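Q: So the sequence lines, in the order shown, correspond to chains A and B.
Per our numbering, residue 833 is the first one in the first sequence, and the count goes up by one each step.
Per our numbering, residue 833 is the first one in the second sequence, and the count goes up by one each step.
Just to be clear, a hint being listed does not mean it is correct.
Identical chains share a label here; the pair holds if one copy fits it or two copies do between them.
[Said to hold, decoys possible] List time: in silico BS3-like cross-link candidates among lysine-lysine, alpha-carbon distance up to 25 angstroms: (1) K992 with K1266; (2) K1266 with K846; (3) K1132 with K1327; (4) K987 with K950; (5) K1310 with K1266; (6) K988 with K999; (7) K1267 with K846; (8) K999 with K1124; (9) K950 with K1269; (10) K1327 with K1124; (11) K992 with K1132; (12) K992 with K1124.
These are computed hints drawn from the structure, not numbers from a lab.
Since this is a predicted model, take the numbers as computed values, not measurements.
Number of protein chains: 2
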Amino acid sequence: MLEAAEIGRTQSRKTYESRLPALRVDLLNAQFDLREASFPVILLVAGDDWIGCNELINVLHEWMDARFLQTNAFGRPSEEERERPRFWRYWRTLPGRGEVGLFVSAWPENAIADRLRKKEGKAGFERRLDHISRFEETLVAEGALLLKFWLHLPKKELQKRLARARKKPNEHWRVGAVDGSIFENWDRFMPLAERLLSRTSTGAAPWHVVESTDERYRNLTVAETILRALRERLATADEREAPQVTVSATPEDVARRSSPSDGVLARADLASRVSGEVYERTLARGQRRLRKLSERARRKGVSSVLVFEGWDAAGKGGTIRRLTGALDAIDYRTIPITAPCPEEQAHHYLWRFWRHLPRAGRMLIFDRSWYGRVLVERVEGFASRDAWQRAYAEIRDFEEQIVEHGIPLAKFWLHIDPETQLERFRARESTPYKKYKITDDDYRNRDRRDDYVVAVEEMIARTGTEAAPWVVVPANDKKSARLQVLDVVCQTLEKAL
Amino acid sequence: MLEAAEIGRTQSRKTYESRLPALRVDLLNAQFDLREASFPVILLVAGDDWIGCNELINVLHEWMDARFLQTNAFGRPSEEERERPRFWRYWRTLPGRGEVGLFVSAWPENAIADRLRKKEGKAGFERRLDHISRFEETLVAEGALLLKFWLHLPKKELQKRLARARKKPNEHWRVGAVDGSIFENWDRFMPLAERLLSRTSTGAAPWHVVESTDERYRNLTVAETILRALRERLATADEREAPQVTVSATPEDVARRSSPSDGVLARADLASRVSGEVYERTLARGQRRLRKLSERARRKGVSSVLVFEGWDAAGKGGTIRRLTGALDAIDYRTIPITAPCPEEQAHHYLWRFWRHLPRAGRMLIFDRSWYGRVLVERVEGFASRDAWQRAYAEIRDFEEQIVEHGIPLAKFWLHIDPETQLERFRARESTPYKKYKITDDDYRNRDRRDDYVVAVEEMIARTGTEAAPWVVVPANDKKSARLQVLDVVCQTLEKAL
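Extracted from the complex, chain A is given alone in its bound form (with noise of 0.2 angstroms):
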């Protein structure tokens, strides 16, 4: 792949010249267009030439408008970074919609880098190209315009360049020590460099090799590929935009909809229920094991997560406050999903569940979560079908890394009952300071149960991992409902400790 690009490429000064003036006119157009558009552009420049990867990112800031443009480079990963799944820095720094973003020293080089000092194994490297793959994949299918840059320098030509430098120091002050390491480790770092480019170069997401003998060449090709890119997505942009609307019943949702009896849900026992002394006495216990093991959680850097999703009125807030009171503030974090604010808008539907994940040692709680997007989104036509059906694996990947990198999660769908429902629909009504937390949209949401149970039981059957099993939990009485809670969070705890 990379000695195909290998053809000498080269651009005259003069046909550079007359080519650049349009050329930047037309990438500053575009890039204004892009301010009004509703994707973001996501440039990611990486290969084996180290030189021509920096000097490209000055003339990219030359030629497109620098206040619109924010590059981002990945070092050494900083403590805060280490202590969350490897995708966190790159989540956290994602352009919004609009924005141009350029990558570099970023997931394709990061991957080389720890094979080549074997931090990573042969498989782990596997795993790795992977995780990134599937990581362009959702970036693409929600809509970013993602172009992926080789540059690739020959072996001889690289070999001239060092000879230089060290002819003339002080000229060729640029070739540097990276330089001098790839030259001297081109045999293991070529392979791997083939293997990431042909494993990752998907339809969705392409790498583009090119040539970077000639600067001229190098700068002009990068920079055409850009603006044709941009213009062909700003042009199609309206199309994709259109809402998609879902079909509310498909065969196969009808199917399924017609059986909701045999589903988890309809197998959870509402019947049990706990005595007010039992409940005392077992809650007190349980939030002293909670705070122990929170304490040994702390000292050992182990996060968790927790994510509560369930009924309107099911209780999760006094759930979650009965888990948070055996807590110190400073060992956990509540995130109350609502409506996302602007900033979130602006970006990935798992941007804002990515940069709230905890430092080591704490743990978060999400009050409903991620899983909006195959529950409310999909039974009220907020998401494509598309959309909410493409979301079980980003899902199951997004909590897969989290897994994988030692937190545990747990997962409750708090259920009860219709009737428990509206029982508890009109107690709010009465109590004052409950009512703000009752709308018309809950009465909505109830009268589209049946929806709701055939969403939430194919949410449960294509999440629930082993690694991130959903646990049912009946409902209807409160007490039993937070027991059960926290003896499964005491468990989790205890067994990731």
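For chain A, the structure is supplied; the task is to place chain B on it using the hints.
A: Structure of chain B alone, referenced to chain A:
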């Protein structure tokens, strides 16, 4: 101060339960109104009653709408936090307008803890209190509602609590190591707490000391104080937000304006020129020098901050690119300051600069900066007279914290005369890809040059400190300007390394 609060206040269960429903509704309503208001609420919970602080946080989460309440707790600083000035961790978690941020184990406790552990000397502790006051003052001055609660438990109560826990550890499992440590260190802890309370209790941000022996009294007192302050502020918010028109010329302004020929700008030698040959040679040498310095800075973890201000078309962008051309993309970041995005607008005007502060070993380059407040915002009347006058001290404090942290800071004013500026505007208009850089605003700004000269002179006079001096760079000749900047940047790094 603290003993005076030990008056054994309690609240009967009956009164408590009778007042609670109305209080909770009122709190929710006030919080709801806040969502539409244009100020943030910062609730600082501190104290010698560790358990009380944590309980109070849970209570506030229950009583207020937890979806719009973010708790921030601060333990041992992370590596990323240690790489920045001390207050960076607080700045980056500040709530935006309409939001409530709950801070616990925050700046007061951190200051006392560092002093107790002798991480901070006596003088250092005093400086810290000074920073705290100024931090709180600038938040309040910019519109934040800051409420500070110190929960105080009399020593004999703490002793009882510890005794109970020793007797029945299973019932009183919340009592832990922190409580014991406060008791043992009481005689060292209390004077520090008293000192902190008296030094940082200002008119703008007074402390509310609340005895927390009786939790009902504690909960009610805190919640009612929050409610009262929030309501009061909501009621007067409209007046505060009335645009404060800047009187465009006060007598002092006129006096100052009459003598711009005496200023530092007038003294800049705009005639300096450098030949193309000398330029090329000196530039290459300077870039080589900068590269070596940046490599050393990376190894030694020394960051730096460069600020570029100057007339429109003075050549900031080109000068910056001559610096970055010598660097690896990973070693620097350029932040072009444009109009703030909605998230930035929702925060203190310094927030967006604080959040960018670089990791160890990186160079951060601001293309325009926080000086916008005392330049364009002053001249155009976007900031009230109060606001921009206050800004000089706020900026000095901000820069002082950067420099104190060991981050060298260099500030450049690129100076050109009006004729050169006009020539460059014209040239830009006739260069297709530079046209976007020139707007009617530029001509308007040019017409107000005299006003800007007054603002620039005052800015240089009032924010040019020994630690962070201004360098006025004659820039009629772009080449000599670039060489001078390159030289100053290298000198700045050399001094710091």
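Q: Decide, hint by hint, whether the structure agrees.
A: Status of each hint after checking the structure:
1. K992 with K1266: Neither: 75 angstroms inside a chain and 37 angstroms across chains, both beyond 25 angstroms.
2. K1266 with K846: between (74 angstroms within a copy, 21 angstroms between copies)
3. K1132 with K1327: Result: close within a single copy only, 13 angstroms intra versus 41 angstroms inter.
4. K987 with K950: within (23 angstroms within a copy, 57 angstroms between copies)
5. K1310 with K1266: This pair counts as within: shortest intra-copy Cα distance 17 angstroms, inter-copy 66 angstroms.
6. K988 with K999: within (17 angstroms within a copy, 79 angstroms between copies)
7. K1267 with K846: between (73 angstroms within a copy, 23 angstroms between copies)
8. K999 with K1124: between (65 angstroms within a copy, 18 angstroms between copies)
9. K950 with K1269: neither (54 angstroms within a copy, 48 angstroms between copies)
10. K1327 with K1124: within (14 angstroms within a copy, 50 angstroms between copies)
11. K992 with K1132: neither (51 angstroms within a copy, 32 angstroms between copies)
12. K992 with K1124: For K992 and K1124, only the inter-copy Cα distance (22 angstroms) is at most 25 angstroms; the intra-copy one is 63 angstroms.
Violated hints, listed in ascending order, are 1, 9, 11; each of the other numbered hints is respected by the structure.
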